[in-house]
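K.L.:
Protein chains in written order, with the numbering used here: chain X, 304 to 414; chain Y, 119 to 232.
I should point out that these hints are in silico values taken from the structure, not numbers from a laboratory.
Given the structure is predicted, the values throughout are model-derived calculations rather than measurements.
Don't take each hint at face value.
Dumping the calculated DSBU-like pairs for lysine-lysine here, alpha-carbon to alpha-carbon at most 35 Å [unchecked claim]: (1) X:K371 with X:K357; (2) X:K406 with X:K358; (3) X:K371 with X:K356; (4) X:K406 with X:K371; (5) X:K371 with X:K358; (6) X:K406 with X:K356; (7) X:K357 with Y:K125; (8) X:K356 with X:K409; (9) X:K409 with Y:K125; (10) X:K358 with X:K409; (11) X:K358 with Y:K125; (12) Y:K183 with X:K406; (13) Y:K183 with X:K409; (14) X:K409 with X:K357; (15) Y:K125 with Y:K183; (16) Y:K125 with X:K406; (17) X:K406 with X:K357.
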Amino acid sequence: KNEVEQSPQNLTAQEGEFITINCSYSVGISALHWLQQHPGGGIVSLFMLSSGKKKHGRLIATINIQEKHSSLHITASHPRDSAVYICAVRFPGAGSYQLTFGKGTKLSVIP
Amino acid sequence: SAVISQKPSRDICQRGTSLTIQCQVDSQVTMMFWYRQQPGQSLTLIATANQGSEATYESGFVIDKFPISRPNLTFSTLTVSNMSPEDSSIYLCSVTGAGGDTQYFGPGTRLTVL
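With the hints as extra help, turn the sequences into a complete structure.
P.N.:
Here you go:
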């Protein structure tokens, strides 16, 4: 069964801390997405990765294909980063654009 | 990029009634999807909305309960029929960008069934 595991489930950090959220998956993938969901429910796509590393502002996403693992890092965290972060992967052969989602990591950044 | 809007943003409905959710995209897209997110859970794909043909449903979802229309490449509707409290969820519309690399999501429709 193709699975996506995220850790931790919940994370509380002080403003300014460096944050890491992890995602691991069971078999090889064709792409991995990091998504951000705010309390209202809307989802924003942060990154799409198939290899290496991407950076956007204070956010950095890395992926290790051999280890089947990805991390999302937030530098100098801020209360406005408080959200649920979701890892989603596309498994080859699962339907061209079908995504499998992790359960999410709820991040709370305290001032 | 693609900007997606959904209507309504939220609703509270009575058991046994139906609600139609609209999804509008600001550009023509090939692949359009409907997801459900039950409280405390991750997203589950309901169906792929196909333009000009019947939607493709995932296991556990049927057309009678979740009829979908896709009259053109920028618009789709999802109806939640004969609702029960178990249908209380966030329903999200999603599209795939050109080339299939990026996934865009709508703001979601938060449905509460009493």
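K.L.:
Look at each hint and say if it fits the structure.
P.N.:
Comparing the hints with the structure gives:
1. X:K371 with X:K357: 17 Å, holds
2. X:K406 with X:K358: Holds: X:K406 and X:K358 sit about 23 Å apart, inside 35 Å.
3. X:K371 with X:K356: Holds, at roughly 14 Å.
4. X:K406 with X:K371: Roughly 17 Å between the alpha carbons, so the hint for X:K406 and X:K371 holds.
5. X:K371 with X:K358: 20 Å, holds
6. X:K406 with X:K356: 23 Å, holds
7. X:K357 with Y:K125: 33 Å, holds
8. X:K356 with X:K409: At roughly 23 Å apart (the allowed maximum being 35 Å), X:K409 and X:K356 satisfy the hint.
9. X:K409 with Y:K125: Holds, at about 26 Å.
10. X:K358 with X:K409: Between X:K358 and X:K409 the Cα gap is close to 21 Å, so the pair holds against 35 Å.
11. X:K358 with Y:K125: 33 Å, holds
12. Y:K183 with X:K406: 25 Å, holds
13. Y:K183 with X:K409: 31 Å, holds
14. X:K409 with X:K357: 22 Å, holds
15. Y:K125 with Y:K183: 19 Å, holds
16. Y:K125 with X:K406: With Cα atoms ~26 Å apart, Y:K125 and X:K406 stay inside 35 Å; holds.
17. X:K406 with X:K357: Distance of about 22 Å is within 35 Å: holds.
The structure meets every hint from the earlier list without exception.
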